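Full structure from sequences and hints, please.
For reference, the chains in residue letters:
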Amino acid sequence: MSTEDKIAAFVEKMTAEGGTKITAETSLLDSGIIDSTGILEVVSFIESEFGIRVQDEEIVPEHFENVRFIAAFVESKKKS
Amino acid sequence: MTAVASSPPAAPAPAGKTSAPPPRPLASLGDLAYLIYPLVPTRWLFALARLRGRAQYRRGGPVCEAVRANIADILGAGAGAGEAERHTREFFENQQLQNLLVMLAPRMSDETLARVMPIEGLDRLDRAYAQKKGVVFLGSHLNSVMLFVAVVLLRRKGYDIRIAMPTMKDPWLQTQVRMLADRLAGRGSLREQLGAFFAQFNIRPIVERFAQNTAVGMTGDGWHSASFVEVEFMGRRVPFTTGAMGMARSTGAVIVPAFMVGRPPFGVRMLIEEPFTVPKTGQPKHDVQERVQRYAGLLEKHIRADLAGWQHLTVPHLFETMTTWTQRSLSDRYVL
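Just so you know, the protein sequences line up as chains A and B, in that order.
Everything in the first sequence is counted per the working numbering, starting at 1 for the first residue and increasing by one.
Everything in the second sequence is counted per the working numbering, starting at 1 for the first residue and increasing by one.
Careful, some of the hints might be misleading.
Unchecked claim - EDC-like, lysine to aspartate or glutamate: derived pairs with alpha carbons at most 20 Å apart: (1) A/13 with A/58; (2) B/285 with A/12; (3) B/285 with A/41; (4) B/280 with A/41.
FYI, nobody ran anything at the bench for these hints, they're computed from the structure.
Every value quoted in this text rests on a predicted model; they were computed, and no experiment measured them.
Now the structure itself:
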């Protein structure tokens, strides 16, 4: 599974109540699919799944608007 | 989630970014009040503040028009023009009285502060702490400036309570003169006396405080948020933020609504309402919505009893703005 696929699967499972199909471009924040509490769950997931540490100042909407952005952020963190 | 004393957006900025803090001004008129506070009877200072507010009201202008129109909207057709004018005048007087109080509070002795800011329902806050799951000290934009004073008082009484700020920009940026005076007086800045920390969008700092059984002060009627639910409020369906209830649901933290009512210097009270938790059923949206509605109902009750204290009244076409707020982009909603 790619980074995007793993993140999309996690978000889909997290938002199972809504029954929304999550694609790489699905807007997570603007559409209200996940809120600040959900973001914290996503942060915990990517930290444990990809072995990275997300700093407080990195938890900004630009990095979490959709799965593609989250995956790009994870990849940049892994490289650094 | 919205922290205290945020205001509606004025200018666009990139989502989630906070600009560099503005330069600290050298001095202000408020410094004079701060410096002469021990030398002049407190009532005189507040009388001057009231006059300043009245002058603002008489000058009029777009803000005054917005406040007047919003008040008329809330009062409805049954109220006379005189009643709306009275509330409008009181709004501007109240703003100046509050600003003076929050400026002087750090300089007041514990005894004076306790006299100026009586607290009703402190046992309710004690009961919330006893659950050891953290406390959401849920204020509002009803006299929210005075929430700062109450938090300073609670911290002096030994309560572990901190304010979550929406931005690193200090809404009560102290001047250089004031900073020096605070240091010489042996107290920290207002921000330090509030135990303030930055948390918006990223709620991890708040959750970490809950784990330490800290009470975190925030507002429940702010707008800078990613997530909303519609509730009945002031005879309309309007969106309210879900942040505080969502956090309480996921962490088990106890919600303690607290409302500031009355007028400085000696007519203010903090009313602490009955604490509650957010249930964790299989329907999270319903769980949160029901509790947000409970909070909105309490807020409406207190606003109707103290209309001139609601700081959102300065927003032009307030209810139209509120009802259409969620149609704005996330970046617009996060502008501070």
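Verification of the hints:
Taking the CA atoms of residue 13 of chain A and residue 58 of chain A, the gap is about 24 Å. The hint is violated against a cut of 20 Å. Of the pairs offered as hints, the one joining residue 285 of chain B and residue 12 of chain A holds, with about 16 Å between alpha carbons and a cut-off of 20 Å not exceeded. Only pairs whose Cα atoms come within 20 Å are accepted, and residue 285 of chain B paired with residue 41 of chain A is accepted, the gap being roughly 17 Å. At roughly 16 Å between alpha-carbon atoms, residue 280 of chain B and residue 41 of chain A fall within 20 Å of each other, so this suggested pair holds.
Consistency with the previously given hints fails for number 1 only.
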